[in-house]
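Engineer: Sequence:
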Amino acid sequence: MFGDRRAPEPSRRCSSRGDRGSPGGVLCGKSFSWSSQLIRHQRIHTGERPHECGECGKRFQMIDTLMRHQVVHTGERPYECGEECGKRFRQCGSLICHQRIHTGERPYECGECGKSFRQRFNLINHQLIHTGEKPYECSKCGKRFPTSSTLFLHYRSHTEERPFQCSDCGKAFKHNVSLVTHRRIHTRERPQSVPSVGRASPRAQP
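For the sequence shown, the numbering used here gives the first residue as 29, with consecutive numbering after it.
The hints are simulated quantities; they were obtained by calculation from the structure and are not laboratory data.
We put the CB at the ideal spot given by N, CA and C, even for glycine.
Hints may be right or wrong, so weigh each one.
[Unchecked claim] Each pair of labels, with its calculated beta carbon distance range:
id : residue 1 : residue 2 : range
1  : 148       : 100       : 19 to 29 Å
2  : 95        : 185       : 35 to 45 Å
3  : 62        : 187       : 42 to 52 Å
4  : 216       : 153       : 34 to 44 Å
5  : 205       : 81        : 37 to 47 Å
6  : 150       : 102       : 40 to 50 Å
7  : 114       : 165       : 22 to 32 Å
8  : 41        : 108       : 42 to 52 Å
9  : 104       : 58        : 15 to 25 Å
[Stated by the list, open to error] Straight-line alpha carbon distances no greater than 27 Å define the calculated DSSO-like cross-link-like pairs of lysine-lysine that follow:
id : residue 1 : residue 2
10 : 162       : 143
11 : 168       : 143
12 : 168       : 202
13 : 202       : 162
Given the sequences, and given the hints that come with them, work out the whole structure.
Structural biologist: Right under this line is the structure:
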């Protein structure tokens with residue numbers, strides 16, 4: 029009556045158990061309309077990565093992930109910002125995020141405080157302030173952090189890594205803020221002083 033339409037295949041259900049099909053695990057049971065979708069999903073359990081990069085040998089579960097990866101080797105940046113800056117990107121998603129700098133668009137809003145963000149992962153990191161969740165744990169001391177970046181900065185306290193080096197004297201620091209403070213020795217720049225509240229200014233000497 030409405031013309032021939034391809035009917036979806038019978039529902040396909042994943043029968044894998046546990047991580048990578050380990051016996052005795054919990055049955056996954058996720059269903060898919062198409063067998064191709066089920067095959068791709070099952071690679072999560074099996075760990076199969078059939079698509080290999082011919083340049084570096086890295087393997088991927090999906091062909092489209094491999095194609096995005098290969099741009100790293102070619103250096104190709106096919107996505108150009110149409111605004112005045114003309115900056116180019118390897119992936120379309122990166123261009124979309126970049127263009128929000130020009131438009132001011134912040135589509136990801138926090139339901140707790142209303143603060144909005146350009147990128148979803150910034151919103152996710154922000155929401156940890158409200159939940160108090162600290163999912164990133166230091167393998168050295170067990171201290172936990174809300175974001176991977178704060179964990180990364182903390183981890184330097186256990187190592188001798190000092191990536192921020194002064195170009196004048198060669199002294200190196202673990203954190204950029206320490207380098208900025210140190211640089212004032214060479215530039216003779218004094219940090220701005222904040223006047224104390226409620227304290228009278230000293231009178232000029234006669």
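Engineer: Each hint: holds or not?
Structural biologist: Evaluated hints:
Range check, residue 148 to residue 100: Cβ separation about 23 Å, and the 19 to 29 Å hint holds. Hint check: residue 95 to residue 185, Cβ distance near 40 Å, so the stated range 35 to 45 Å holds. The hint said 42 to 52 Å for the Cβ distance between residue 62 and residue 187, and at roughly 49 Å that hint holds. For residue 216 and residue 153, the Cβ-Cβ distance of about 38 Å falls inside the hinted range of 34 to 44 Å, so the restraint holds.
Restraint check, residue 205 to residue 81: a C-beta distance of roughly 39 Å satisfies the suggested window 37 to 47 Å. Judged by the Cβ atoms, the range 40 to 50 Å given for residue 150 and residue 102 is violated: they are separated by roughly 29 Å. For residue 114 and residue 165, the Cβ-Cβ distance of about 42 Å falls outside the hinted range of 22 to 32 Å, so the restraint is violated. For residue 41 and residue 108, the hinted distance range of 42 to 52 Å is satisfied, since their beta carbons lie about 44 Å from each other.
The hint said 15 to 25 Å for the Cβ distance between residue 104 and residue 58, and at roughly 36 Å that hint is violated. Pair hint residue 162 plus residue 143 holds up; C-alpha atoms about 20 Å apart against a cutoff of 27 Å. Between the alpha carbons of residue 168 and residue 143 the distance comes to roughly 34 Å, so the proposed pair goes past 27 Å and is violated. About 17 Å separates the Cα atoms of residue 168 and residue 202, which keeps this hinted pair within 27 Å; it holds.
Between residue 202 and residue 162 the CA atoms are separated by roughly 23 Å; this keeps the pair inside 27 Å, and the hint holds.
Hints 6, 7, 9 and 11 from the list above are not met by this structure, while the remaining hints are.
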